[in-house]
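Fit the two chains together into the complex; they arrive one by one in their own frames, and the hints show the way.
Just so you know, the sequences run in chain order A and B. Oh and the first sequence: position 192 is 192 in my numbering, straight run, nothing missing. Each number in my numbering corresponds to the 1-based position in the second sequence with 10000 added.
Derived by calculation from the structure, the hints in this document are not laboratory data. It is possible that part of the hints are untrue.
What the hints assert, rightly or not - Which residues of chain A face chain B? A partial, calculated answer using Cβ under 10 Å:
#1 L58
#2 D87
#3 D165
#4 K270
From a predicted model like this one, the values you see are computed outputs, not experimental measurements. Note that CB positions come from ideal geometry on N, CA and C, so glycine has one too.
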Amino acid sequence: DFSKTWGEEKDTTLPSIKVMPILKAEFEKMENWEANIPAANNLLMTLRKIDTSADLVLHPVGQLKISQRAAPLLLTIDKIGSQKPEDANYFTLTVDGGSQELEEKAKTNEMFAMGQFKDLSDSKKLSSPAYEKKKAGLEISVKGKQLKTSGAVKRVVRYEQIIIDNNFKRVVVKFFSFFSSLFTLFLNGNSTSKSVLSNKYLKQKMPFEEKITLKTDEYVVAFNTDNSAFNDQSTTFTSYTEAEEFMDRQVKMNPNLQDGLHVIPQVEMKGAA
Amino acid sequence: MSDLIGTYSFLPWLRQGIANNIKSADMDNSVKVRAAVNVSLTLKGEGIGAAKTETIARNVALYGPGDITGIESKAIIKAEPRNWITNFEPNYLPYIDFYDEDLPWRYTPAAPDTSLGRLRPWIMLAVLKEEEFEDGKNITNKPLPYFKIKSSFNASDLMPPKEQLWAWAHVHINQDIVKLENAVENTDVNSVLQRFQAVLNKDPDLAYSRIVSPRKLAPKTGYHAFLIPVFESGRLAGLGLDVPAATSATASAWDSGQIEFPYYYRWYFRTGTVGDFEYLVRLLQPKPVDSRVGRRDMDVQEPGYNISGITDADLGGILKLGGALQIPEESLNAKEKAEVKKYDEWAENPYPHPFQSDLASFINLADDYNEKEAPDANQGSGISNKDPNDPNDTEDPMITPPLYGRWHAMVERLLEERDGSAISPDKNWIHQLNLDPRWRVAAGFGTKVVQDKQEEYMDAAWGQVGEILEANRKIRLTQFATLASRVFYNKHIIPLRQIGMETALVFTAPVQKRIMAQGATVFHQVNGSLVPYATLSAPMRRILRPGSRLMRMLPFEAQVQPGNLIRRINDEEVFPAPPKKVPETVPTLDDLAEGLKPDNVPGFIKDSLSQSPWLQYLPLFIILLLVILLFILGFTWLPMSAVGALIAGSLYLFAYLRRVKQRLEDAESVLEENQEPEAVDKLPKSHDFKITTMGEEFKPTIGNADSPEAIRFKTALRDTYELVQLSGQAGVKAKLKPLDINLMVAATYKGIDPMITIPRLVLGRIKIPAYIFELIGETFTEAMAYPEFDIPMYKPLVDISSELFLPNINHIEQNSISLLETNQQFIESYMVGLNHEFARELLWREYPTDQRGSYFRQFWDPSGYLNTGKLDRKKLKEKLRDIPPLHLWSKFSKLGDHDHREAQGDKEEEAVLVIRGELLKKYPTAVIYAHRAEWRTDQNGDIDNKQERKPVELKGADLENPPRDKIKTPLYEAKVDPDIYFFGFDITIDAAKGDSGDNPGDDPGWFFVIKERPGEPRFGLDIDGQGDINVWNDLTWEKVVPGVSDGDFIGIDSNTPAINLKDPHCDPNDPLHDPQLVEKCEQYGEDKFINWNKNMNAAEVAYILYQVPVLVAIHASEMLSEK
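If we strip away everything but chain B, and leave its shape as in the complex, we get (with noise of 0.2 Å):
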C-alpha cells in the first residue's frame, strides 16, 4: 500500500556516473582548471607460453564548468516566482527547478564533504535589484549574454557567501524515500538511494532539483534572478574567455573583484505586499460571460474559384466562427438565442445553399479528374480558373480543397455521385463538415497544427513502431526466400524421396544433428541404430557413385543393390562386420575351466550339479523322507539293517556330491563372470602364504589368518577382479535397434521444409507487440501499425493563438468565474482535420499503414481525473478521450454526435468552468476540484447553518480511493497561459450549491478546493511572530539572521549558533500543556529531529525553510453567487 499522506523528500545533493570518482576536495587549490579520475586497466594474454599482463592507466580530465557555454531553457521546469509576477512575498526564497536530478552538481569539479553531505553546486541564482547590476552591452564573442556589478557595490556583497553554496541546491523527491518510523532522516545511503532508483524507474518526473536563493527581499520592488556559474572557470568559460592553465577549478567566480557574469537564464519579478494564495481565492467572483466570446465573424462573401459566396442579406456577409466552447444557450437573452440560431441555420433553407453545391463541385473535381479530362471536367464543375483575358488559356486539373475526413468515412465525393444522381444522406457529419465554412475552418486549423508539428509527431509516430521498416524488409526478404527456397524444396528434394527412402536418408545426413525426431536428434537415432552413420558419410557416398570402380566389379542382382543396402544392414542381412567368434585354437578361460574340473565323475553328475547346486542335498531328504515313513507306518515293514544300510549309503552319497560340487566350483572359479572381489574374501586363510617363483616346491598351509604377503596379494587381487568386472560392464554393447527409416527421412523432411524454416527463423528475431499483431493477423505478413497520441489537442491549437481556441477570449473578466458548455461540433471538425492531415502525412512519409488510424482523439486534458472505477491504464485512456475512432462514425449521423463520454453512457451535464484570474498567473498550476460539504450540528443532531458547513472527511478505504460522490476532480481542464483555467466538471450550479439548511435533510452542496499543487513548494522564513518557535513553520527572519535588513543572505558556517524547537508539551497531563499548541503537536513530532545548526546539508535546510502550502476550501454558495 502507498503512503496515506503525501510527502516529500530532499537529498542534500546527488552525482551520477563516473564524476562519483573524483577525489579531490572542493577548494583545494592544486587541481587546476579540471578535476580528474585515475582510470587504470589491465590486459592479460593468454595461451601461448604464461601469461602477460599488461597495464593501461590513463588520467582522464573531466568536463567541469569550464566547459560548459549553455543550458538549454527546456532543462528548467520552473521558476519561482514565474516571470513577471509583480506580487511575490519578500518573506519567500526564489528558487529555480530542473527536470534532471544531478544537474547542480554534475560538472562540479570536486569531491563531497561525506561527512558533512555537502556539496557545491557549479551554477548558482544570484538575485538583483535593478539598481545593483547593468546589462553587459558588447556580446560579440560571448557565448552567454552577461551582466556588470555597478561600480557601487561588492560582487561578494550581492551574491551569497561562496563556501554557504552547497545549502542552497537539494533533490526533491514526491514520495518518502526515507521510510523510517520516529525519523525525517535516514542516513543509510544505500537504502534511501534503492528507494530513490525505485522512484526514478517508476516515473522519473516524481524527482528534480532544485536552486534556491537565501537573498532576504525587499517589499514592492523589482528584482532580477539569474541562474550564474559558480566556479570562476564557468565565469571565463560564459564571457568567451580562455581559462588559464593556472586557475584553480574550483575558485569561485566572485572571487578577486570580478564584475562581469554571465548567466544561462535569466527573469524578472516584483515583490509586493499582499497576494498570498487566499486573497488571490477571494479575488475570485462569479460573473457573466460576455455575449461576444466564443464567436468571431468570418467574412464568406468571395470564395473565389467561381463559387458563389454567401451574401444573404440577413447574414450581413458573414458567418459567425465558433471556438472550442461557447455560451450555454440558457445564459443568452432571448435577441442573442435569435441572433445564434439565424447564424446557425443559415444553410438550412433552402439546403444545399448555392455556396454548398458549388463547394461540393469543386470537392468532387478531384475525383472526376479519374474519368474526364481536365477542361470536360471542369466545364461540367462549373468551377474555373481560367484565365478570362487570355483566350488562349487551356484549362488545367486543379488543386482542390481536401475532402477532409475522405477515408475514415470511405467517401470521395459530396452531394452528387459520379453519374449526377444525388448522394443520400446528404446532410451526415462529412457533408456538414466539408460544405460548411465554419467546420471547414475548424478542420483547417487541425490541418494547420498537423502541418506545424509534423515533424515531432512523425518522429514519435517512427518512435512508437520501433523498427517497422527493417521488420518489413526482414519479412518481405523472408517470404522470397521461403518461396525460392520452396521451389528448390519440392524440385529437387521432395522428389528424392520417391527415388528411395535410404537415399533421401543419405542425402540428409549433414542436417541430421539439427532435426529432432521422437524427441532426440535424427544424428542420434541413427547412431543408436544397427545403420552405423558411416553408411551416410561422405567417403561411403564417394564409394557407392554408380560409376565407381567398386562399383563396376561387384555383381549385384535383384535383391542386392547398393540402394538397398542401408535397408538390409537395418534388417541384419548384411553386417557392416561379421560377428565376433573366437578363434578355436585359442586357449580360453572356459577350456581352463573345463580341465580343472574331475575328470573321473560321469558327466551327467556334472552337468546336473552345475544346473541345480541343491542335488547335493538329496541324499538328505531321502534320509529325512525315510525317517518320517518309520514314523507313520511304524518300524516294523522294513528291516532295520536295511534301514541302517540306506542311510549310510546316502550319507556317502551326499559326502561325494558335496566333494564333487566343491571341486566343480574350484574350477570355475576361473570363469572371467567368477572373478568378483568376494571371491576374494572367500578364499582360505594362510600364515604362511608367499608368492614363489616358477617351479618352486611350496604349499601354503590353510590357517587362521594371512601373511602380510597374502593381504597384499589378496587385495591386488581383488582390485584386479573389480577391473575385470568393470571392464566386462563397459564392453558390453548396447543392443542396436533398427532405425525407422521412414519415419526418419519424414521427421527430416518435415524439418528442413523452408515454409517452416525460414518464417521460424526470421520471426523468431522479430518482436512484434501484440497491439500490431492484431492489426495483422497471424499470417506472415508486413507488419502495419496506427500509431496514436494521447496529447491533449487544444494545447499546440492554443499555441498558435488562443483566439483560435475561443474567439474573442480576452472578454473574459479578470478574477471571475464563469460558466461555458463545449461546442462539439468544433472538436469534432478540429479532431478530424488532425486525423485527415495526418493520415496523409504519414502516406507522404511512406508511413506502413493504411490512412484509416484515428490518430487523435484527445481534446482536452484529462489528468486530473481520478480513476474511481480502478480501470487498468488502457480503459481509463479509452475513457477519456474525446471522440469515437473516426472509422466508426456512422454514416448517418451528425457533427456534433460524436461526443465519446457521452457515447459510454455518462450523459452528464458537462459544464466548463471558466476562471480567470490573478491567482493562476502567480499559481498557474493551482489544483481545483470539487469536494462534498457537510451540515455541522447541534446538539440534537440538527443540522446548524449558523456555522460553516466542513469538507467530508474522508476515512478508510475512501482515503485510497475517493467516491465520486465526495470527491469530483475535473473531468478534463485545459490552460490558456498566462492566467484562464477550463475544467469540465459533472456537476451543476444548483446541485453545488445545495440548500440552505433551514429545513432537515437539506443538501449540503460542494466546496470548491483550490490548493497550491503538490510538488511545488515553497520555501521561506515568517516575517514577524515574537513567540516560541514549537514547529519549523515559526521560525523568522530574525532569528535567523539577527539584525536582518532586507538584501542580507541566510549563512551557516562554523559560527552559526543552533536553534532548538520548544516542546509544545503535547500530552494533555503535562502541566504545561496548552490546548493553544495542540494543532502543532503532529508536525512537532517530526520536527523535533532536525535542528539549526552549524552542520546541517542541504536536505535538512529545505526541510527547515520548506512553507506549509495553502489549501482553500469555498463553498459553492459562496463562490458561485454574486457578491
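If we strip away everything but chain A, and leave its shape as in the complex, we get (with noise of 0.2 Å):
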C-alpha cells in the first residue's frame, strides 16, 4: 500500500451564509408584498398611479400577499447555492396577531430549484423536477369572518294591496305581507340579477357546475408495508421534497420508522381511489 499526496493544498470550500439576514431582507423588499382581490369581487375602479418606489400601498380590500424567493420556508435546507448555511437550516414566517388581528390564510408558494438547497445525488437531481413549488411567504388577512359589520335591522316585506275589480271598485289592504316562494322568485327579475356582474348572468354564460380541472402533483408518505398513508397530514403533499422532509422528520422522531416509510404519488396509496 502507498499514499501520497501532491499539488497545493487550498481549500475550496466557500464560506457558510448567515441566511437569516438574507430572509429578512427579502421579506423587507417592497416587491415582495402585495395585496390580493378576492376572486369573487370585482375591483371597478380605476386607480390613480401611484409611485410604488416611495410607498407601499394595498388594496384595502383582500389579503396581503408576502412572498420571497431566496429560499424556501419549512424545509430543511442543507445549503444555499454552494455555500452551507451558518445559522439556521429550517425557517418559519409567523404574523404577529395580537392587537393587530391578523392571521394566517394560507402560505404561498414559489418555485425553487431543489438542487440549490438540497444535497441531492446526481441520479436524484436528475431523476427529480428541476423546479419545484415551495412554501416561500404568506397571506394574511384579518382574524375570523372576512366581512364586518355591527348588527342587522330586517323588515318584513308587507304590500300595500290594492284589489280593483267591477267597474273600478277600489279596496286597499295595508300591510299585506307577501309569501316567500313568490318572493324568491320574483327577486329573480330585479335590477341586480339584470346586471352584467350577476350571479344569474354568470350563470346563464357558465350553466355547468363543473369544468375540467387539472390537480397539482400529490404525494404522500406511506409505508412501505401495505402503501397506506402515513397518516391524515401525509396525503396531500405538493412536492416530492416536501413528503421527504415530513419523512425525515417523522423519522428522526420515531428511529423505528427508518425504512419503514416511503414517498409515493397518491394514486398509489391504499384506498386511493
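Printed below as a string of C-alpha cells:
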C-alpha cells in the first residue's frame, strides 16, 4: 500500500453563509408585498397611478401576500447555492396576531430549484423535477370572518294591496304579507339580476357547475409494507421534497420508522380511488 | 323551511379584508392622506444552534379615496328614479344601488364607530337643482367630469351634513339574517355575519349596497343626481390635482368653501305631482294592435350574382319580414288575412320559385368545388361573378352564402344532389330556412349577434370547460407515453419472465416497495419470506454477474446454478447462513441443571417424574385402592400385616418420590424458561439473608420474613428474570414462509404495466365533469365538449335594434295592453343562425368539439316561471328551453314545428301579452302575474257579484309551492326598453275574464297582479298626515324636519329629539281599542322595536324610511275590456 499527496493544498469550500439576514432583507423588500383582491369581487374602480417605489400602498379589499424566492420555508435546507447555512437551516414565518387582529390565511408557494438547497445525489438530481413549488411566504388577512359590520335590522315585506274589480271599485289592504315562494321567484328579475356582474348572468353564460380541472401532483408518505398513508397529514404534499422532508422529520422523531416509510404518488396510496 | 314571508335585512355598514384593521377614527386630523395598518411578521430560523428570530414590521398604507379616479358604470345596478323619469314623487328619496356589498365603505380612511354602528361612506349622492350648479367646462387633465356650485350658493347648504353621511348608506339583503322572534334588530354581529356569508355563498345577487340622498325634493322640478367623493382627497384626485401631504385623510370635500366637485356617475330626473304606482297601472288600456306591427317590407328584386329576383307582379317586389311576434290571425280582418296569406305563400306555386333554384345552385357551389374546377362549377351552376366587360376575366371560386344548419342536419346540398337528382324531401326545415329570404334574414340576425358578441361567448365557452386544452395535451402526451413505454415493456421486460421468474424478481426489485400483492407490498412479502431481501440487492446482482470473479471460480452443476439460487433458498435447499448451534464445549444452563440433579436416583425415575409429575402421587393412589378393595372384599382375604406393610411401603415411596421431585425442580429452576418473576415468589424467606463474598461460609436460615437485603435481592432478581423472559420473547424469530415467486412476479408485472400505470397517474390528475364524460365515453381519449348558454337570446337581438326583434314595434300604443302570438318560424330561423355561426366560430378558434352542438336554445327569458313541478335545476332548464336540440330536428319536419314547449306535451295556447306604458318606464322591473279570483258570497253562500272579487287566498302547502291553477306566472317574458313588456301566459282571454257571476257556478276568472319588484324598495316620508304615528309608515317630513321646506336635509345629530310610535291598542279588550287601526297592528308589533333618535345607525334609518310597496290586483275583466 502507498499513499501520496501532491499539489498545493487549498480549501476550496466556500465560507458558510448566514441565511436569516438574506430572508429578512427579502421580506422587507417592497416588491415582495402585494395585496390580492378576492376572486369573487370585482374591483370596478379606476385607480390613480401611484409611485410604488416611494410607498407601499395596498388595496383595502383582500389579502396581503408576502413572498420571496431566496430560500424555501418549512424545509430543512442543506445549502444555499453552494454555501452551507451558518445560522439556521429551517425557517418559519408567522404573523403576529395580537392587537392587529391579523392571521395567516394560507402559505404562498414559489418555484425553487431544489438542487440549490438540498444535497442531492446525481441520480436524484436527474430524476427529480428541476423546479418544485415550495412554501415561500404568507397570505394574511383579518382574523375570523373577512366581513365586519355592526348588527342588522330586518324589514318584513308587506305590500299595500289594491284590488280593482267591478267597474273600478277599489279595495285597499294595507300591510299585506307577501309569501316568500313568489318573493324569491320574483327576486329573479330585479335590477341586480339584470346586471352583467350578477351571478344569474354568470350562470347563464356558464351553466355547468363543474369544469375540467387539472390537479397538481400530490405525494403521500406511506408505509412501505402496504402503501397505506402514514397519517392523515401525510397525504397531500404538493412536492416530492416536501413529502421527503416530512418523512425525514418523522424518522428523526421515531427512529423505528427508518426504512419503513417511503414517498409515493397519491394514486398509488392504498385506498386511493 | 324558508321563511314564509319575504323579508329584507339592512346592515349599517360593511367592510371586507384588511381595511378592517384601520384603527384611526373618523375626523382624526393626525392621519394624513391615507390610512395605514401595521403588519408585523416573525421570521424564525432553527436547526443550527439556538433558534433565532427576526421581526419584520411594516406600516402599510391603504388605498384611499385619493387614489380613485373612476367607478365603472356596471358597478351601479340601479338608480332610483331611473334616468329621465319625469314624474318622481317629491316625498321620496333618490338612491343608487351598487352590486358590491362593501363598495360605499371600501376606501373610507377611518375605523367605524362601533358603539353606534356608524361608518361614513367614501362616496355620496348630491341631488342638485339645475339652477344650483353648472357643468365644469375645462376637463383637460381631469380624470373625471365635474360640476361647479354657482356662486350664489354654498356647497355646504346643498350637500347633506358631512358628519351625518353614515346614515345614508346601507347594505340591503333580500333575506332575513336577523332571525329573531320578537325583535327586528340583532346586535350579535357574529351570527349576523355568518348568515350574511351564507346568503352570499348561496347567491351573491341577494345582497347589494345603497346610497340614499336625504334631500327633500320640490315638486315639478328637474334634478341632477351626482355620485361624488365624500373626502377632500377624493375630490382632488377626481379633479386631477395632487393631494398635498398635509391633507387630513378624513377631511370632507366641502369643508372649506370648495366649489368644484368631480362626479363618478350622474343622472337626471324630474319630480311630478301624479304618478304613483296605482295611477300608472290604471292608465293601462286594452287596445288592438296596429296591423303594421310585426311585418316589414323587404326588397327582393335584385339579389345579384345572376340570381333571378322575386319579381312576381302581385308581390310588388317585396316580401314581408317578420319578427319574433306576430298578430294573431283571428284579430285580422278578411283583407288583412288575404294579404298575409299572399306573402306567406309566395313560393308555393310553383315550388321551387326560380329565385330558390338559383339560390340553391349558388349555395351548392361550395360543394361543387369539391369535385370540379371553379370555372366548370360556376358554369354548371349558372351563377357567375364574371366581369361582363372583361373578356380575359377567369372565373375564380366564389364565396358562397352559408348553408345554415348544415352540420346539425348533416346536409351539404339543397334541392339537387351532385349528380343532379332531386333531393327529397325538398320542403323540410332546412330548405325553408335556406331558400326563403324571410328566414335567411332571421338566421342572418343570429349570425350577426354571434359575430358581435363572439369574444364574450367564446370566453364563456372556454370558461365552461376549464383547462380542456391543457388536459387534452396531457392526454395526448399520456397516450404517446403509454404506447412508447408499452413497446419497451413488451420488448425488454416481458421476456425476462421467460428467462426465469427469479431473474424477473431480481430485476424488478427497485419498484417492489410500490407494488401491492395480496394486501401488502411485494417488498414486504419478500421481507417476511425465506428469501432474504439482500439476494435481490444490487451488490448481490453484481456478485452473481456471469463474468464475475466468483462466478468463474465456483463450480456449478445441473441443479445448482446461479439462476436458481433464490428458488433454492426458498425451498430451503440452500441457507444463506447455517442454522445456529451451541458449541459443544460451552457450558450451558442445561448442563448446570443436569449437574444439579440428584445422582443416586435411577435415570428412569428422573425422566418419568420430569415428564409426568403426577407419578409422585401413585403410592397414595395404591393405598386408596387397597383400602377400597378391603372394604369391598372384606378384611379377611389378606393378612392385616401384609396390608400394613404395603401401606408403610407406599408411604415411604411417596415421601421418596416427593423428595426426588423437589430436587429435580430445584435443579431445573436455573433453566432459562424457568427464570420467571413468579419463581422468585416461591423462594423461601430468610430473616438473615445477606450477600456474601466468594468462599465465605454462610448459610441463611429459612424463616417467615425476609431481611431487607433479601427483599432488595429478590426485587433485583425479579427484574432480571423479567428481562430474561422479555429478551427471550424478543429474540424469537418469526417463522419465515416460503415466497410464492410466481405470484410476486405476476403482481409486479401487472403493477408496472404502462397501459395501467400511466393512465392511472395522469387521469388521477385530470378531473372531467360527468356531462363531458358522457360525451366522450369511458375510453382514454381527448375530451370534447359542447358549450351551452342559458342567456335569453332575444336580448342581444333587441340590443342591435328592437326593430329586428319586432318590426314596427313603435306602433304599439302608449299605455296599452294588447295580444300577440309568437312567430315560431322566425324564432327557429334566428336560433339556427346563432347556433350555426357559433359552430363556425368554435371551429375557427379550435375549440375541441364537433359542430353539432346546440349552444343556444333559449330565446325568451323564462326566469319568471314558477317551478311548480319541483323539477331539479337541470330538468327545469330543459323544460323552459324554446327549441329542441338542433341535431334532433327531423328531416321531414317543417320550420316552425320545433316548439320545445309543445314538444313536451304542454299544448298551451301561448298568447303573448304586450304591455307598453309609463308604468314600465318608471318601474321597469314591475312584476306581472295572474292570480285566480274567487267570488265573495252573501249570507246564503251565493255569489255576490255586487262586491269585488278577491284573489284566492293561498294556504298551507300552497304558500310554499303555489299550484298553477291558482297562480300563473309568465311562462316567459321579454322586455324592450324603455317601456314595452311581453309576457307569455298559458291562459286565454275568455278564461281570464271569467263569467258575470249572475249564475251559480260562474267562473270567477283571474286577477292580473302588478306589483313593485321585490328587492327594489323605495324610501321616503309622507307629505301630509296629521294623525298619530302608529307605524313608521305614518312618519311625515314635518315630524322629522319641523318646518321643512324644499331642499332641506333630514338630519340626525346629538340634538335630534326622539320620536316614538303611538300604541294602536291592538288588544280587542283594551278600552282604547280602535278597529280602524287593526290593520296596522301586525306592523306595529315589529315597528315598536325601532325608534327615531340621536343614536340610530344606518340600518335603523333605512327601516324607518322604507316605504311599503304597492301591489295592484286588477281583474282581467276590467283590464282586458275596453273602457
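Verification of the supplied hints:
1. L58: Holds, because the Cβ-Cβ distance from L58(A) to chain B comes to roughly 5 Å (cut-off 10 Å).
2. D87: 6 Å, holds
3. D165: With a minimum Cβ separation of about 4 Å from chain B (threshold 10 Å), the hint on D165(A) holds.
4. K270: This hint holds: K270(A) lies near chain B, its Cβ roughly 7 Å from the closest one there, short of 10 Å.
Taken one by one, the earlier hints all hold for this structure without exception.
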